[in-house]
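Can you make the complete structure from the sequences, with help from the hints?
Here the protein sequences line up with chains L and P, keeping their order. In terms of numbering that gives the first Met the number 0, the first sequence opens at residue 0 and continues consecutively. In terms of numbering that gives the first Met the number 0, the second sequence opens at residue 0 and continues consecutively.
Worth double-checking, as some hints may not be accurate.
Derived Cβ-Cβ restraints for the label pairs, each shown as a range [to be verified]:
#, chain 1, residue 1, chain 2, residue 2, range
1, L, Thr26, P, Thr163, 23 to 33 Å
2, P, Arg82, L, Thr69, 18 to 28 Å
3, P, Ala116, L, Gln66, 55 to 65 Å
4, P, Arg82, L, Ala58, 56 to 66 Å
5, L, Val17, P, Gly87, 15 to 25 Å
6, L, Ala58, P, Val94, 30 to 40 Å
Worth flagging that the hints you see were computed from the coordinates, not collected in a lab. Treat the numbers as computed from the prediction; the structure is a model and nothing was measured. Beta carbons are placed, not taken as given, at the ideal position from N, Cα and C, and that holds for glycine.
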Amino acid sequence: MTKAVVELRGCTRDYGAVRAVDALDLTVHEGEFLSLLGPSGCGKTTTLNLIAGFVPPTAGRIVIDGQDVTARPAHLRGLGVVFQSYALFPHLSIRENVAFGLRERRLPAAEIDRRVGEALELVRLDRAGRQRPSELSGGMQQRVALARALVYRPRVLLLDEPLAALDKKLRESMRDELRGIQRTVGITTIFVTHDQAEALGLSDRIAVMNAGRIEQLGAPRDIYAHPRTRFVADFIGASTVLRGRALAADRVAVAGGNLRVAGVALRAGEDVELAIRPERVQLVSAPGDNVVDAHVDGLVYQGAQTELTARLTDGQRVLVFVTEPSPVPLVTGETVRLHLPADAFMLLAS
Amino acid sequence: MLRAAVAAQLAFMTLPTVVVIAVSFNPTAILSFPPAGFSLRWYENVVTYPQFQRAAVNSVVVTAGAVLLALPVGTLAALALERGRLRGRHVWASVLLSPLVVPGVAAGLGFLMLAAALGLLRSRAVLVAAHVALVLPFVVRSVWVSVRNLDPALERAAASLGATPWRTFRRVTLPLLRPGLFAALLFAIVVSLNEFVVSLFISNRVTEILPVAMFTYVVNYTDPTIAALSSLFIVATFVVVWLADRYLDLGRVFLQH
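Now the structure itself:
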């Protein structure tokens, strides 16, 4: 196990009667890219603000590199922060924005000059130095903010929804660039986002947050394949939750069908919730094991695939992504057969 | 219709000014309109009249003192009102902006009694104090607009980059408040230089400022000297506002209220 760089120990933060962060424990390791992922209001930005020192915790300790920094003000924590709004200083040139942290560290002018040049080169903006932030596009401002936060080689990089303000295409290219830069610099990074695709694509580990707590912490594949709660299953990727009753350790009764379940252990007689990803459900033409009848409720053609909303005989709905061209004709109101593979089921904690 | 309304309003606002300026060049010693000729003798009278000279010095001293005090105090007040965790923020705001609605006579009487109680009636200090109180609402209001437009993330960014609270204020907050501070400065100068009612209560022949001296003059003489001085005042104010509008987007500062 690599070294712990940032540790939150039982951190709580209240805003009036609202508990934004609730007794949070989290350890971020050296060189790791960790995402705090959750819907707005889940406490992810507050968690970032606690680490940055912008707000003090109501209770709990914050430890960086083994030192308790709970009472240390933001300007003495030596972290790099990129804000959602970029927060570039509008009255300073790009160069001066990037030089800000170095000037505060009273480095010699020549050293500042050299390092600002390097940082701007890293984000491919070495020619924009004299311009003001308002003269730059959103993507460029984003890169300046990144250069400004990296130039003094902070211990940890904190990113607060840095891609949210960009349009889709730019967001995707910036995402790749961000990952590339983070790998090059090798800096421990904490990334706040509500976008599951960003979190899945960028992170070494993801902490899925809900109501001020970490609902699940793990590698992207692990979280996607084995969501432990309904919240995580819903929030990360699309999924359908089916209710049923366990008949045996590997058997469950759903919508009149007797389905085999692999990879999870059920207790006979128990009511269970099983989630299944829409891309794992298959359309088949013949009846068979784990095949149930369903009624086509809705179809949304999306080019590469069609989103099919199907209704089982007991009224439960199943979302299916049908890769085009569809193996069977799809008509609203008709009946189709769905194959629910045994190993596609994910058991949710009740 | 609209055009006519605008023209009427413009005429209504500018005609008195035009009359005053025209009268100031009148060669005869009575305030009559239209003027009977062209002369600069009343302008000569303005600059050579000893009481005006003394009052001009007083005006500069009082205004400078009031502005130098009101600007930092008002700026801190605006920051506190917007950022501070103040109980009863609305009450504080009302108190700070109240001189705008207190009648001048009432305020003047108050300052007079206070100054008398403190034995400061012969001093310009009481004028400075009164002017600070009178310009403060304008300063607070102007700076407040700028504070409100300031993204708090900028100050957080500065802190994250290693700037102490004081350095953050110096390098980020203050430069970004500049438009508001500039507007506040102009407001304060114009309001203080033109203040009359309150100053009348608390000044004497030695400490009186120009508007008061002008009033005293008008009470005693009826020649166009006062029109000449008024014209100078009008031109000076106009130049200040024109410069302000040129170098700073006044519309932006005001329309954001």
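Index of numbered hints that the structure contradicts, given in increasing order | Hint 4 is the one this structure does not satisfy, whereas the remaining hints hold.
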